[in-house]
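There are 2 protein chains.
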Amino acid sequence: MKTYLNPKDWLRLTERPSVKKSNLNKLVNEVFKAVKKDGDKAAKKFSAQFDGVELKSLQVNSKTIANANKQLSPALKKAIKLAKQNIEKFHAAQNEESKRIETTPGVTCWRESRPIEKVGIYIPGGTAPLFSTVLMLGIPAKIAGCKEIILCTPPNKKGEIDPTILYAASLVGITSVNSIGGIQAIAAMSYGTKSIEQVDKIFGPGNQYVTAAKQMAQSIGIAIDMPAGPSEVLVIADETCNPSFVAADLLSQAEHGADSQVILCADDDKVVNKVLIELKKQLKVLPRKTIATAALKNSKAIVFKSLKDCMLFSNAYAPEHLILANDKANKLIPLITNAGSVFVGNYSCESAGDYASGTNHTLPTNGFAKAYSGVSLDSFVKKITFQELTKNGIENIGPSIELMAEAEQLFAHKNAVTIRLKNK
Amino acid sequence: MKTYLNPKDWLRLTERPSVKKSNLNKLVNEVFKAVKKDGDKAAKKFSAQFDGVELKSLQVNSKTIANANKQLSPALKKAIKLAKQNIEKFHAAQNEESKRIETTPGVTCWRESRPIEKVGIYIPGGTAPLFSTVLMLGIPAKIAGCKEIILCTPPNKKGEIDPTILYAASLVGITSVNSIGGIQAIAAMSYGTKSIEQVDKIFGPGNQYVTAAKQMAQSIGIAIDMPAGPSEVLVIADETCNPSFVAADLLSQAEHGADSQVILCADDDKVVNKVLIELKKQLKVLPRKTIATAALKNSKAIVFKSLKDCMLFSNAYAPEHLILANDKANKLIPLITNAGSVFVGNYSCESAGDYASGTNHTLPTNGFAKAYSGVSLDSFVKKITFQELTKNGIENIGPSIELMAEAEQLFAHKNAVTIRLKNK
Chain A
12 MKTYLNPKDW
22 LRLTERPSVK
32 KSNLNKLVNE
42 VFKAVKKDGD
52 KAAKKFSAQF
62 DGVELKSLQV
72 NSKTIANANK
82 QLSPALKKAI
92 KLAKQNIEKF
102 HAAQNEESKR
112 IETTPGVTCW
122 RESRPIEKVG
132 IYIPGGTAPL
142 FSTVLMLGIP
152 AKIAGCKEII
162 LCTPPNKKGE
172 IDPTILYAAS
182 LVGITSVNSI
192 GGIQAIAAMS
202 YGTKSIEQVD
212 KIFGPGNQYV
222 TAAKQMAQSI
232 GIAIDMPAGP
242 SEVLVIADET
252 CNPSFVAADL
262 LSQAEHGADS
272 QVILCADDDK
282 VVNKVLIELK
292 KQLKVLPRKT
302 IATAALKNSK
312 AIVFKSLKDC
322 MLFSNAYAPE
332 HLILANDKAN
342 KLIPLITNAG
352 SVFVGNYSCE
362 SAGDYASGTN
372 HTLPTNGFAK
382 AYSGVSLDSF
392 VKKITFQELT
402 KNGIENIGPS
412 IELMAEAEQL
422 FAHKNAVTIR
432 LKNK
Chain B
12 MKTYLNPKDW
22 LRLTERPSVK
32 KSNLNKLVNE
42 VFKAVKKDGD
52 KAAKKFSAQF
62 DGVELKSLQV
72 NSKTIANANK
82 QLSPALKKAI
92 KLAKQNIEKF
102 HAAQNEESKR
112 IETTPGVTCW
122 RESRPIEKVG
132 IYIPGGTAPL
142 FSTVLMLGIP
152 AKIAGCKEII
162 LCTPPNKKGE
172 IDPTILYAAS
182 LVGITSVNSI
192 GGIQAIAAMS
202 YGTKSIEQVD
212 KIFGPGNQYV
222 TAAKQMAQSI
232 GIAIDMPAGP
242 SEVLVIADET
252 CNPSFVAADL
262 LSQAEHGADS
272 QVILCADDDK
282 VVNKVLIELK
292 KQLKVLPRKT
302 IATAALKNSK
312 AIVFKSLKDC
322 MLFSNAYAPE
332 HLILANDKAN
342 KLIPLITNAG
352 SVFVGNYSCE
362 SAGDYASGTN
372 HTLPTNGFAK
382 AYSGVSLDSF
392 VKKITFQELT
402 KNGIENIGPS
412 IELMAEAEQL
422 FAHKNAVTIR
432 LKNK
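Same order as they appear, the protein sequences are chains A and B. Okay, so the first sequence: first residue is 12 according to my numbering, each after it adds one. Okay, so the second sequence: first residue is 12 according to my numbering, each after it adds one.
Next up, chain A with everything else stripped away, as it sits in the complex (with noise of 0.2 Å):
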């Protein structure tokens, strides 16, 4: 970690460390192509090829997973359906009611949520079962009402998924789950095969295989949920924090891969150094050590002169993750115009969000928390935009829109007036 202080330097410290962007376009034209002609025939070559499992049934039987449910301890269960609990309270409370507005009179307009039919998530297989992001999606999925919710996520060599995912799964409501990953879980997922059903709209992380998979279905015609890249925190912090938490928490966020990136900025350097020596202690007894050493090498601490002036850099870094380890949130909220999901003082850690708060861990890095949100309820419907007009309202607004189409020399939508208007 360094320390700078120039604003001049700003700009150039809110650049992300480049991720080295390996052309796999031919690679997933590929598999998309295979699996779009071949179908479970194609996914299964790819399994077998990429994964190295062979499996019989893309699709995991219901005894497998009401079986889940006896692997996890009695303490972690009662502690997954807390956060579904909470998760599930935020998330419902996202719900709009659907306001109708008189523009002019005898013109009504509204919008009225429905629910994307059928929506996949990815979850990567990896070193940790990520069943937290099971939750995530699965939840707000289920609150819209989303009639297939379809789950892919790739087993272990055995062709087994984790016991946590499983059970996961069953809670929230999942409607299908797959032993299947990378490039051909997308592809399946894009272009439906005997087994998976096609989908709308594909969400979840995923690595570079998975992240360039997602912008081909896109590009095909299947939403995504947003541009992945990898996951990043920047901590505000002033002599009010605890050294020690704001250490945690950057270790918290470097622990998840190399390529993560964490920012403290503080008001003052005393602060930094202490949170430095509190982080070197801590680094020493984590397990995943090596991963932390690695992404704290792309991460910075950086000294500003007022914590208005971090402030304004977080907004120009726009980070996925801040947290304001301080006393001061209520002058520093109003000034936030860029962040995906923010941790307001010394008790509100990254892991709460992560886990439990109720809150997405959905959520735009690489600086797209400038254009985009994190997942939401609202990331599982689309808004339906209705007009009811009466004799009396296309008499109000129709000599209006007459002379708009005349302007716009589309007399097809002037007539479609005329003809009302004179129908009286």
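Don't take every hint at face value.
Put simply, identical chains are the same to the list, so a pair is met inside one copy or across any two.
Here are the simulated lysine-lysine pairs, BS3-like style, with alpha carbons at most 25 Å apart [said to hold, decoys possible]:
hint, residue 1, residue 2
1, K394, K100
2, K110, K100
3, K52, K319
4, K67, K205
5, K339, K281
6, K52, K67
7, K402, K339
8, K74, K153
9, K402, K342
10, K153, K394
11, K311, K300
12, K89, K433
13, K110, K47
14, K433, K292
FYI, nobody ran anything at the bench for these hints, they're computed from the structure. In this text the structure is predicted, and so the values were computed from the model without any measurement.
Since the structure of chain A is already known, use the hints to place chain B on it.
Leaving out everything else, chain B in the frame of chain A:
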């Protein structure tokens, strides 16, 4: 127009006329690369090359914008102001109040909206000056509080922009109007040049070049409104419709472009026949007859057993515009699952929504209504989530987070909680 009856044909009938997918990627790549490197110089070079117009300055000066006012009739200005007022009312009502939810005692979560700071609006040139789209995109951007609203539109061969576009831009408060179109306009807004600021999100319709350029913008991290396709309408009519109104609505969609598609669904072939007779009559006297005739070749009239079946077919088709030309709206609206914008009853013509009812006319085409909403106030903001935990809050959910983090093998995540729980 053809008449079908067999429900087996449904899926096939939802297919859009195949658009010849020209591979523009090479050209788009070239323009983006040049504009990234040479900024305005490259942008001007491409405008000369593609649009045959040589410009000293890309930005339209304030005097020209102010003078546009004089070139519009008072009646047209009044019409535009009425439209503005209705669009403002409906979009301002979409502002969502921040609800604070206590998910567990001591754990409070909420969302706050923040404007996307810099947005770009593309307005196509061509035969008709689409000033209505300036209203539809500029007004919600202004309500959202976007700081920079950059408009790009191609000038004519004399280097001029239609005064109605300039008037609308000035009326809604566009911050910068630029005489530039095509791929180079999208590239300029994506990278930023000396004249044109880099934006966070690009909105607006366009031809295949603009569509390909927006896809490129998206791939380099600039958000876009939605994927684009030819415009379309689906009308559900029964004996309570007015056949001449329905014919006028079908034609107002058909005149948009030769690639437009119009679908008439009815529960009775007599209704279809009556509409077709009216259609022929009205088509004869239409200025854009050639375009409309071409579009009608892609179009279909389909007779179903019931209005409910019409509605089910409409959901499978997922139309951009859905007109309920009958008096059964109360029964049909709850059945709608996929549509961009809905026009309820015989007096609600599509032109009303295109210009002045208050709803947005930037809508998902090509079946994208299955997963995408039309443009709304939401399109111009991010919703940032917040969580604030008290000491008591972390005590209540902390032990659950510890268990879940451990189950995901993320020990630093666990430690961020443990260290806070110990600090009681």
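Hint check results:
When the C-alpha separation of K394 and K100 is checked against a cutoff of 25 Å, the pair qualifies both within a copy, at 21 Å, and between copies, at 17 Å. Taking the closest pair of Cα atoms, K110 and K100 come within 25 Å of each other both inside a single copy (22 Å) and across two copies (12 Å). For a Cα distance limit of 25 Å, the shortest separation of K52 from K319 qualifies neither inside one copy, at 58 Å, nor across copies, at 38 Å. Proximity of K67 and K205 under a CA criterion of 25 Å is satisfied intra-copy only: 13 Å inside one chain copy versus 59 Å between copies.
Taking the closest pair of Cα atoms, K339 and K281 come within 25 Å of each other only inside a single copy of the chain (18 Å); across copies the shortest separation is 71 Å, beyond that limit. Within a single copy, K52 and K67 get their C-alpha atoms as close as 10 Å, which meets the 25 Å cut-off; across copies the closest is 59 Å, which misses it. Proximity of K402 to K339 under the C-alpha cut-off of 25 Å is restricted to the inter-copy arrangement: shortest distance 17 Å between copies versus 56 Å within a copy. Only within a single protomer do K74 and K153 lie at most 25 Å apart by alpha-carbon distance; the minimum there is 22 Å, versus 55 Å between protomers.
Taking CA atoms no more than 25 Å apart as the test, K402 paired with K342 passes between copies only; the shortest distance there is 21 Å, against 52 Å inside one copy. Taking the closest pair of Cα atoms, K153 and K394 come within 25 Å of each other both inside a single copy (17 Å) and across two copies (21 Å). For the homomeric pair K311 and K300, the shortest alpha-carbon distance inside one copy (18 Å) is at most 25 Å, but the shortest distance between copies (64 Å) is not. In the homo-oligomer, the alpha carbons of K89 and K433 lie at most 25 Å apart only across protomers (22 Å), although the nearest pairing inside one protomer, at 68 Å, exceeds that limit.
With identical chains, the CA atoms of K110 and K47 are never at most 25 Å apart, being 43 Å at best within one copy and 45 Å at best between copies. For a Cα distance limit of 25 Å, the shortest separation of K433 from K292 across copies, 17 Å, qualifies, whereas the shortest one inside one copy, 82 Å, does not.
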